[in-house]
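Visitor: Residue numbers (my numbering): 3 to 943.
It cannot be assumed that every hint is accurate.
[To be verified] Result set (EDC-like, lysine to aspartate or glutamate): computed pairs, CA atoms no more than 20 Å apart in a straight line:
#1 K913 with D872
#2 K134 with E63
#3 K935 with E63
#4 K207 with E257
[As the list claims (entries may be wrong)] Between beta-carbon pairs, the in silico distance windows are:
#5 R306 with G38: 52 to 60 Å
#6 E556 with L270: 45 to 53 Å
#7 R444 with A211: 46 to 54 Å
To be clear, the hints were calculated from the coordinates, so they are not data collected in a lab. For each residue, glycine too, the CB sits at the ideal point set by N, CA and C.
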Amino acid sequence: MPRRLRPTPLEHVVDGHALRARLSAAALDLIGDEAGQRSRAIEILKQALFRGRMIAKERLENGAGGLETARLLSGVTDEVITALYDFTTVHVFRARNPTEGERLCLLAVGGYGRRTLAPFSDIDLLFLRPYKQTPHAESVIEYMLYALWDLGFKVGHASRTIEECVRLSKEDYTIRTSILEARRLTGDERLGEELKKRFRDDVMKGTGAAFVSAKLKERDDRQARAGASRYMVEPNVKEGKGGLRDLHTLMWIAEYLHPVDRPEDVFLLEVFDRREAKGFIRAFDFLHAVRAHLHFATGRPEERLTFDLQPEIARRMGYGDRGDAPAVERFMRRYFLVAKEVGALTRAFSAKLEAEHFKHEPKGISRFLPGGGRPKRKALDVAGFYEDGGRLNIDGPQVFEADPVNLIRLFKTADDRDLDLHPDAFTAVTRNLNLITSKVRRDPQATRAFLDLLARGKRSYRTLTLMNDAGVLGRFIPEFGRIVAQMQFNMYHSYTVDEHTLRAVGLIGDMAAGRLSEDHPLAVSIMPLIEDREALFLAMLLHDTGKGGVGGQEKAGARSARSACERLGVERTKVELVAWLVENHLVMSDFAQKRDVADPSTVAAFARIVENPERLRLLLVITVADIRAVGPGVWNGWKGQLLRELYNATEAVFRGGRGSDAAANVQRHQEAAAEAAREALVQADPAAKGWAQAMEAAYFGAFSLDDLKAHAELARRAAIQGGAAAEGRVPAGANAAEIVVAAKDRRGLFADLALAISSLGGNVVGARVFTSRQGQALDVFHVQDVTGAALGCENPRALRRLADALEAAGRGEPLAVEPRRGTELSRTAAFSIAPTVVVDNEASNEATVVEASGRDRPGLLQALARTLADNGLSIQSAHIDGYGERAVDAFYVQTSAGGKVEEARKITALKADLLAALEQNEAGAPNTRPGLKRARASVAR
3 MPRRLRPTPL EHVVDGHALR ARLSAAALDL IGDEAGQRSR AIEILKQALF
53 RGRMIAKERL ENGAGGLETA RLLSGVTDEV ITALYDFTTV HVFRARNPTE
103 GERLCLLAVG GYGRRTLAPF SDIDLLFLRP YKQTPHAESV IEYMLYALWD
153 LGFKVGHASR TIEECVRLSK EDYTIRTSIL EARRLTGDER LGEELKKRFR
203 DDVMKGTGAA FVSAKLKERD DRQARAGASR YMVEPNVKEG KGGLRDLHTL
253 MWIAEYLHPV DRPEDVFLLE VFDRREAKGF IRAFDFLHAV RAHLHFATGR
303 PEERLTFDLQ PEIARRMGYG DRGDAPAVER FMRRYFLVAK EVGALTRAFS
353 AKLEAEHFKH EPKGISRFLP GGGRPKRKAL DVAGFYEDGG RLNIDGPQVF
403 EADPVNLIRL FKTADDRDLD LHPDAFTAVT RNLNLITSKV RRDPQATRAF
453 LDLLARGKRS YRTLTLMNDA GVLGRFIPEF GRIVAQMQFN MYHSYTVDEH
503 TLRAVGLIGD MAAGRLSEDH PLAVSIMPLI EDREALFLAM LLHDTGKGGV
553 GGQEKAGARS ARSACERLGV ERTKVELVAW LVENHLVMSD FAQKRDVADP
603 STVAAFARIV ENPERLRLLL VITVADIRAV GPGVWNGWKG QLLRELYNAT
653 EAVFRGGRGS DAAANVQRHQ EAAAEAAREA LVQADPAAKG WAQAMEAAYF
703 GAFSLDDLKA HAELARRAAI QGGAAAEGRV PAGANAAEIV VAAKDRRGLF
753 ADLALAISSL GGNVVGARVF TSRQGQALDV FHVQDVTGAA LGCENPRALR
803 RLADALEAAG RGEPLAVEPR RGTELSRTAA FSIAPTVVVD NEASNEATVV
853 EASGRDRPGL LQALARTLAD NGLSIQSAHI DGYGERAVDA FYVQTSAGGK
903 VEEARKITAL KADLLAALEQ NEAGAPNTRP GLKRARASVA R
């Protein structure tokens, strides 16, 4: 990283005296030419502003701190604005003998008042008058505002009297906060001092509780808008949780309760000890540096650290690749560690407020509002612990010093009694993490308390998150500590690795309590059958600890799981079970989403890996929780259906006995289920007899009786209306529309249907292909629109229009396709994605499995399907999967003779053609912002 530069004196950047001399000279040279005077003054000020900003930018890129940069930019702006004020009041609207009413004071408020400006921040100004507006003051203000706009500033301004400021501050907390930070720039000094005195006497006095309450509510609302987790992987540096505004909120509260003359003097108050003050300054410095780089990189007030900007900001801040850790992921981990520190500082500061203001039954930081006196102390049966107003507190740090195991017992007790931690206790924990040594990690009482909390806790997600925020979890389980604040540079994951993991653990806790039975009926129903809950929860906690490890995520994860479990004193059989679950935690989702679960070979291969029903149950629960905890919108009913089908088929294999043929068991199970479904279909719809006899056994296991009846009717319609029929619907609660197409099978049919879907703005997220013995195809697509919602959910006509287009495509009619613009800016533009193609002749007995992976985009499925058709292959089934910016599509294909692709020459040619399609897709990827480069996307899941 660049070496830290020492602060530079402001006069070396902008010489205020010289600037005013140039302005005066220009005014004298152009006496009588008001337009010329103004034009020349704007030019001089622009030069000074540009020079100041460029010096700040250059210094920042060469290692200057974020706070120094913000203060330098503020200082440059001060010189430009005060010089403009002097020019305006001396050379343009000079009041040689100003009356009392013509006095004027110019104050900076908001962030500008704090002396911390980002390069493209708004500047907030208050023109303070003693009485009502005079023509002179109005002229000065109007002239200055137009000049500031010409200089490129975005100005927030107000012109008020002291009485108006006091009255409005009492009515509006936003105005009150801005005046709290008011700083005189120039003008009448007495006016500025009088406002400060009146504000403290008439507004602040006796209103601390109301102000704290308003600021905390404002913070909660802001975080709800920006994203409640501080570990969202595209954070808002200013407004997000753990960002600058959280620090500002604490400063405002401290300054309001303990008034100071300068904002930076807040850190000298007794409410902050030296360690906390250093933490605040360190966090401010880093976040201001990130924000300044964001503004300079984009040329606008960008506050969100989006994927396309993250690699560039990492480069500007001096981060480089280190081993397998890319620069962007190292930088983002630092960001999230700072956000985590902001959370700890919030709690520490809250503890100080608690000493002055008390309230019963607190929640969050709002616990520190005034109440009716100190809450009563309630003794507990754990030595050194007591309940303090609905929170768990300790007698003092000596509780941990006497027995470090109490650092674990504290959280176990909080969970047992459903209590939040008192901020004093939380702060004491963070200051005694060094007591968690190797001996404590192996202490039987500590490990038992932790395992009980993990596997049998009442609110495990909340309590483990508290442990993580305090630093205890990563200290007690070092393997988990290595993934704290770790980020994966891809669009698939919405959270950091530790946050994703804790959410997954919490989801399993919810399933165990029966709270997710509607969303995950199978997982919830099998939870009581799981024999080893500790193994389940340990595997979930440790499942991603191998990310970035040697040998790949799965192998490295298994090693770290063994290490952690052995240290926790877990018995050998459980250690091996946890390690197996960690190593194989992606297997079930891969088989369900990338393979044909109706193929007996798929089920047999999966059953050979799993080996027994207990592992199957454990793996299903882990898979469901893992997928759902990735982020909003990742889990859907389609994935749930595939997992249920794979689970049920594999369970049938195990019921057949250990010595039996797994594939034969699956085949028998399918045939029996299909025969029963055929009979039910024919009984419900006698006209469907021919359809029922013609369809393969695997078809019947995938759909309900109502679906089978609808498909038979659709097939009859297709025969009547020219060979193709289509119908679409949006199932209740689904995030994808289901579109069924019945058409005469032919080579290229799937590609034509995929083209029709993509041309009308659809994105295929799942597809199943079935063919009757009479050569009629039934293709089922699950389709979303460009926003990720079910296509047609807001506009049913779009669904009908797509069905009509699919019928035409099914009949072989040419489709008019509107070309898409290749210059579209997209979030995926940030990523460099290496295409891959795998051809597998072992996964199925009857077909070759072709897996193609590359940048996801509209039309990709059609391009791949067309390539397969051009190679003389027919698609037996298609399995569509996506991981953010990357699509992974698997196809079961056969040659025209109905066999596998086995010739090496044909396999090589097929791979080359598919790679060409994928590389063309990568070449046509959306453009990133000008001047920004793509970074390699993480493939870790």
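Visitor: Going through the numbered hints above, which ones does this structure break? Give me the numbers in ascending order.
Guide: 2 and 5
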